[in-house]
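Take a look at the letters that make up each chain.
Protein chains: 2
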Amino acid sequence: LLGTPAKTFCCAGCGFCGKVLVWPYEMSHWLNLKIILEELLQRGHELTILISSRSYLFDYHNPSAFNFEVIFVSGTREDAEKKVNEFLDAAVNIMPTLSLWESAKLFQNFFLEATEQFEEVCRKAVYNESLMEKLRETKYDVMVIDPVVPCGELVAELLGVPFVNSIRHSVGDIIERYCGHLPVPPSYVPVSMGGLTDRMTFMERLKNMMFTLFFNFVLQQYDFQFWDQFYSEALGKRLCSIVINYMIILTEIWLIRTYWDFEFPRPYLPNFEFVGGLHCKPNVCLQEMEDFIQSSGEDGVVVFSLGFLVKNLTEEKANFIASALAQLPQKVLWRYKGKKPATLGANTRIFDWLPQNDLLGHPKTKAFITHGGTNGIYEAIYHGIPMVGIPMFADQPDNIAHMKAKGAAVEVNFNTMTSADLLSALRTVIYQPSYKENAMRLSRIHHDQPIKPLDRAVFWIEFVMRHKGAKHLRPASHDLTWFQYHSLDVIGFLLACVATVIFTVTKCCLFSCQKIGTGKKKKRE
Amino acid sequence: LLGTPAKTFCCAGCGFCGKVLVWPYEMSHWLNLKIILEELLQRGHELTILISSRSYLFDYHNPSAFNFEVIFVSGTREDAEKKVNEFLDAAVNIMPTLSLWESAKLFQNFFLEATEQFEEVCRKAVYNESLMEKLRETKYDVMVIDPVVPCGELVAELLGVPFVNSIRHSVGDIIERYCGHLPVPPSYVPVSMGGLTDRMTFMERLKNMMFTLFFNFVLQQYDFQFWDQFYSEALGKRLCSIVINYMIILTEIWLIRTYWDFEFPRPYLPNFEFVGGLHCKPNVCLQEMEDFIQSSGEDGVVVFSLGFLVKNLTEEKANFIASALAQLPQKVLWRYKGKKPATLGANTRIFDWLPQNDLLGHPKTKAFITHGGTNGIYEAIYHGIPMVGIPMFADQPDNIAHMKAKGAAVEVNFNTMTSADLLSALRTVIYQPSYKENAMRLSRIHHDQPIKPLDRAVFWIEFVMRHKGAKHLRPASHDLTWFQYHSLDVIGFLLACVATVIFTVTKCCLFSCQKIGTGKKKKRE
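Line by line, the protein sequences are chains A and B.
So the first sequence is residues -10 to 514, counted in my numbering.
So the second sequence is residues -10 to 514, counted in my numbering.
If you are wondering where the hints come from, they were derived from the structure by calculation, not from laboratory data.
Take these hints with a grain of salt, some might be off.
Where chains are identical, the list cannot tell them apart; a pair therefore holds if satisfied intra-copy or between any two copies.
What the hints assert, rightly or not - Capping the alpha-carbon separation at 20 Å, the derived lysine to any residue pairs in SDA-like fashion look like this:
hint	residue 1	residue 2
1	K23	P422
2	K8	T186
3	K425	L46
4	K457	H436
5	K326	L46
6	K306	I339
7	K113	G64
8	K395	H467
9	K94	E118
10	K196	Y474
11	K196	L484
12	K270	E146
13	K460	R188
14	K460	E252
15	K460	G396
16	K226	S17
17	K72	S17
18	K270	C497
19	K328	F191
20	K71	I83
21	K460	E118
22	K94	F382
23	K94	E105
Please read all numbers here as calculations on a predicted model, not as lab measurements.
Given these sequences and hints, build the entire structure.
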């Protein structure tokens, strides 16, 4: 039932064709952002994408509708890809075998290494006078930034261009909270990366509060202080960073990659727009897989993908997964690049790549086994397919927690799961009708919006171009200090008043009592 | 640039024609709500409006596209109109001459009298078995409620029908805060009826906090306890009303009668939709007034209306207003029903009624003198006309404070103003270009929405019909107690832990010191 807004506000309609500069991130982030950028292109805007020479997902050597502006840094694209694969292998296969302490240490190493790399890219961008001059001269109307990598907002500030963020969420919502002033009441808004839901027991609310405090502490220590100093140097002015002062506070519009079909209802601000699922589209007919799918008959098919990040599983894991799948009456399409497991059933086919959206939209699809990436989950919501979630890291545990809480998924623990666990989870989502019903309910909610998420995203980017910002949506809280923001000065003053009154009244009473006592004493004398 | 959404979600398109029951309020509230209801009618829904026999604005005797269901109560429509006029006269002419205490006392009298009348209407509705049975049998799909008069939500609950609220705001935002869980951080969100803006000095923030506490206290004492008891009796179950438990907490969607052109940016929840200005529309050509307007030449015209509530001014006031207007080079169209002032200039014409929207949209209109009702302000925003605000009561001072803060209005105090004040204010908004520029900026913001406010309002009412509610937008905070909501239990627990740790460490230290002391002593001995 999604309506498309009247095209009157598109750039073609209003005669306004703008220039858009993009600071993207790779992997699934790019897959999502690309959809917005392609729509902007189609509407006649001019797009330039700033990328580092190490970026391995952007094919900037070949002709493209996008202009690429390359920031040359040390290392090759192959090195970068190797690094990412090392991290993924560590996250998926090594970290689960380590103690919490060793695991945190390993993660910290990767994190510091990544920060170093981001810093190099940033330095090579903002201190490259000819590049900055060229960008300045182009007079961009808006920047679209993925704030998961720092620096985009610094470039925007140096160029004097208003910018829009596209984000799923930051670790512990810390960027949204501190830079966007998004309220996150810990009693019913689970902090991101905590794997909690909006309905928490006392212990879970305690955990949520502790997570919040922990993320505040860790990120301020290790990340924000570093970048604040870097930004201060680049801007030639000291940023007042009591809490953190990434230039992200200047964001005009936050495009959040979820919507209320997925998200738990929570407070937000008028410059936050929830555009989750903007990449989803109706399925098209499948050519080569159709025969296999049709051969499933009444039982239908199961689609299985752990995303393009997980290429290999240990042989043992691959084997027991395959043996679980072999016990299903359904046909299974499995996206997997590793060695073919010995236990692979006749009902299961392995593919290097799957047309995931088209498969999920196929009427024979009964379930989706997913690692819980936001893009994949949204395709399942769009088509109303129940899920078995095998989350591994980043936002995946959170995402699956959302789908579980909404009754559309069962979770299986990647590290401890057995063949039986996976099979039982699959049978549950396929044969217990509530899972399909809930997935369909989410799908109906997703489709029943007054305006499509992609149109909303593009609308607000164009709005920023048309109005040179969206200042009317920016809360005045940004002009307050942290203690004013929390009304601590007012509360302190009121408490001081109350204390003064109590003190004065007590003193007066004591004084009167004494007087009366003395009077009585004198009388007795 | 407003887009109209694809008509696919309208009732005609989706083959769903629903039944809507309406619990309205009179005066400007009705003028606004009527626009939504007429749109619903046009889309094929069936509408029934519940009104009391005392309602004097609804012409339920004559044929209408709406069905009216009349609740018969004591007193006549004339009595009701007289009461309202008495109140208005008191608010406009008498209260300003009284002390704060006398004024509060007079207001309290009116308030208690109104509560009595509302209670009668409610009692005659919910205890009228045949009426309730008839309504129950009709099987309404949704109720649209103006929560300024209690009872609508009780009727909805008794009928088991989901409901949508249409509201500008409640006194002190208390209904939105307690029943909607809308966050109202006192540091940058001015509480309603306080006349403050989002940028406050320390003293203003203190005032804002005090207002908040005051409204909490007063309304809980005088209003909510009364209605909670009434509702508990009618529902046959005790409502747990520690804070207030109007059934309004069950609201599916809150349709707020403002938007970010008017409102200060503030946190809100996904079940709040800001649909301000939904009644505005392009102006049509004026027939009879056109000659008079054209005779203004380059100077243009000023439109002056204190709304339909203020019919009479004191002779003195009318005279100095007229003499101020007479000094303008502009022509003035003044909506006024009182005696023609002696000082009326040749440039000023008095009318019983003005086609306000069409006049504000006229290219010759330079300024709008308004009492600051939300509907009128929105017409000025829609057409980009700067304002002189003469607020009197209710939300009017707030509304004018908003427009002043946004640089589109100058305020004149109704009680203390002189002829010179009014004239100076008019000259300011007409001849200082910033006022026109700001009004035009607000107008551009208003027109540049991805979807028109009226379409959004209707969309969400239809959504509630289609989905039998909008539970996916309801925050989980509604299932928490007030101390859980504010995380007081978690904070208390954490403080207790910290205290225990400090206590234990101190004890250990003291014990160790003592031990060491004793050891040394022994050594010395």
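Hint by hint, here is what the structure shows:
1. K23 <-> P422: neither (36 Å within a copy, 43 Å between copies)
2. K8 <-> T186: neither (40 Å within a copy, 36 Å between copies)
3. K425 <-> L46: neither (35 Å within a copy, 50 Å between copies)
4. K457 <-> H436: between (31 Å within a copy, 16 Å between copies)
5. K326 <-> L46: Within one copy, since 18 Å is at most 20 Å while 73 Å is not.
6. K306 <-> I339: within (15 Å within a copy, 86 Å between copies)
7. K113 <-> G64: This pair counts as within: shortest intra-copy Cα distance 13 Å, inter-copy 81 Å.
8. K395 <-> H467: So K395 and H467 pass the 20 Å test across copies only (17 Å; inside, 34 Å).
9. K94 <-> E118: The answer is neither: 38 Å in one copy and 71 Å across copies each exceed 20 Å.
10. K196 <-> Y474: between (25 Å within a copy, 15 Å between copies)
11. K196 <-> L484: between (30 Å within a copy, 15 Å between copies)
12. K270 <-> E146: Intra 35 Å, inter 39 Å, cutoff 20 Å: neither.
13. K460 <-> R188: The answer is between: 14 Å across copies meets 20 Å, while 35 Å in one copy does not.
14. K460 <-> E252: between (26 Å within a copy, 13 Å between copies)
15. K460 <-> G396: Classified as between; 14 Å across copies, 39 Å inside a copy.
16. K226 <-> S17: neither (35 Å within a copy, 52 Å between copies)
17. K72 <-> S17: Answer is within: at 17 Å inside a copy they meet the 20 Å cutoff, but 65 Å across does not.
18. K270 <-> C497: Neither: 76 Å inside a copy, 65 Å across copies.
19. K328 <-> F191: This pair counts as neither: shortest intra-copy Cα distance 46 Å, inter-copy 68 Å.
20. K71 <-> I83: within (16 Å within a copy, 81 Å between copies)
21. K460 <-> E118: For K460 and E118, the Cα distance exceeds 20 Å both inside one copy (30 Å) and across copies (54 Å).
22. K94 <-> F382: within (16 Å within a copy, 63 Å between copies)
23. K94 <-> E105: within (17 Å within a copy, 69 Å between copies)
In terms of the numbered hints stated before, the structure departs from hints 1, 2, 3, 9, 12, 16, 18, 19 and 21, listed from lowest to highest.
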